[in-house]
Amino acid sequence: MNLIGNVVEHYVFLSATIFALGALGFLVRRNVLVQLMSIELMLNAVNLALVAYNRQHTGDMNGQMFAFFVIAVAAAEAAVGLAIVLAFYRLRATVFSDEADQLRN
Amino acid sequence: MTAGNVFFLVCGVLALLGAVWTIAAKSAIRSAVGLLFTIAGIAGLFLKLNAQFLAAIQLIVYAGAVVVLFVFVVMLLGSDASSVSTGPVRARAARSVAAAALGLLGLGALVLVAGADVTPARFGPVGPEHGSVEAVGAQIFTRALVPFELATALLIVAAIGAIAVARARHTVKQPKRDPNPTRRLFHGPIHPRDAGRPLPKEPLVTEALPKKALPKEGVL
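Line by line, the protein sequences are chains A and B. For the first sequence, the working numbering gives the first residue as 1, with consecutive numbering after it. For the second sequence, the working numbering gives the first residue as 1, with consecutive numbering after it.
One chain only, chain B, in its complex shape (with noise of 0.2 Å):
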């Protein structure tokens, strides 16, 4: 066993346990340090293949940007965002359950292609531009010129409304439930008594007006 197997065996071992922890930890920060574990192992399996370019991206803008964009998000949420969802029991079983069929699954499928007899093909020779800075650059400025200027836009883009969406105030308005029932209707009171005020007293009316301006009884 010669080191680029140990070196394998250990990124990948890394990679593997980093990727169940991610998905099986409670608190939402030990989820971030299990993907940090995963996102470092691929990046030593970058390197293995030859890869080396991709490895530092990997371990810039993974490590670098996207796992410490997480840890912020999650210190910014606070408890809350490691709180687990205690929904109903059959809820959670049925989710089990299904877990363990996709689980089954996938082992499966896996097994069904390890038992295929073929002859894995080692990787051939290699010359030390494979995986440069310089042959990447080289096919991502003539090859890919095109969709690497989509990405710049596409980059911008994405920091703008990041920061549009993160930032906006939302405030629910939610009108006030009116408790009288005939205003919720025809949004207004048709009469004073409707609107709950008191009706003014007869008497005190017919006193304070003079008798000829009196309406006829019987048209209010």
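Excised from the complex, chain A in its bound form (with noise of 0.2 Å):
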């Protein structure tokens, strides 16, 4: 019982089911910021898994490291992302991704 939440497993295994949450919900969602939102999703449960195997390897912090960066890339990648988003409804006055069809003909 003591085990809970001191092993790297389960974690790993909470880290999994949220990328795979985010994952469904960027392809099921067509709402474009809904679809963002799980794009945020996916990049926490990555740093979830970056930072557990860091705490079992306890011999530098390149884990923590890597979740800086991405931390700071989910950053900007949410700023450039919105950005668009407001360009777009302003363009068509509608936020499905599949509306987003300006290029096909």
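Keep in mind the hints are simulated off the structure, nothing from the lab. No false leads were mixed into what you were given.
Per label pair, the in silico range of CB-to-CB distance:
{"id": "1", "chain 1": "A", "residue 1": "Gly59", "chain 2": "B", "residue 2": "Val84", "range": "47 to 53 Å"}
{"id": "2", "chain 1": "B", "residue 1": "Ala109", "chain 2": "A", "residue 2": "Gly59", "range": "27 to 33 Å"}
{"id": "3", "chain 1": "B", "residue 1": "Ala63", "chain 2": "A", "residue 2": "Leu103", "range": "34 to 40 Å"}
{"id": "4", "chain 1": "B", "residue 1": "Ala109", "chain 2": "A", "residue 2": "Arg90", "range": "38 to 44 Å"}
{"id": "5", "chain 1": "A", "residue 1": "Leu27", "chain 2": "B", "residue 2": "Val13", "range": "20 to 26 Å"}
Covered, in the sense of this in silico footprint (three residues per stretch, anywhere, with C-beta under 8 Å from a C-beta of chain B), are these stretches of chain A:
{"id": "6", "stretch": "54-67"}
{"id": "7", "stretch": "87-97"}
We put the beta carbon where it would ideally sit given N, CA and C, even for glycine.
Two chains, two frames, a set of hints: combine them into the complex.
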């Protein structure tokens, strides 16, 4: 009982579940905002796995360092993604990703 | 069961429920709140994993900046942001089936891995410097100095790009469709008659002009 939260497997299971939920949301939902949030979910899940593995291998801080960079990239991605959502909304007055077919023909 | 176990369970359940809420909520603002719960739960798990610096960064950057940005955009778009697409029934059914298949696949993989006979190794002891600002900062500023500088460039480029994209005034220049087929084809009138103007009355012209200036009949 005392192992709960003290082995790396629990964190990796949790991380995999959250990642799968994020992938599911990205594929199933068509609201661009919710799709962007699903991407954030996936990035967070990856961060959790990185930090958990770093807790198991305590020699250096590589895992946490990677998580730091992932957070930086995720912040940039969210800013640019939301700007694109705004521009798209101004163009088509909708937030559905399947309406973005201007390049089709 | 110690306090650490309870903390892990609470944070893990919070993160999981937040993730489910994020992808299942109809309203975008509720999705943002679900994302906030997930982020808070994961920050708690970071604390449990002795990553204090990252827990703080997670709360500052994600909960403080990214989620607020999402909420801003949801507020800006108004009720359109929360609209749920009502496509054809076949498309919705296909998406539901695909979601169920993906979920079952993930669950199967999880059960397969969980059933493997491994003895989980408990985390070893760790010093207080693990995950501290000093340790992570030293790593970032020595081994990862070049990626760190590139990340600063990425952030400034992303900020400028976001401003440029969001401020662009898109005026869709749709050329007005000309009702006249000849002018549409040749980009202009080839004959006054084709431009939709009535022809001047012949007798009127002949009376106004002197006799000798008139061209011979049949020329026009």
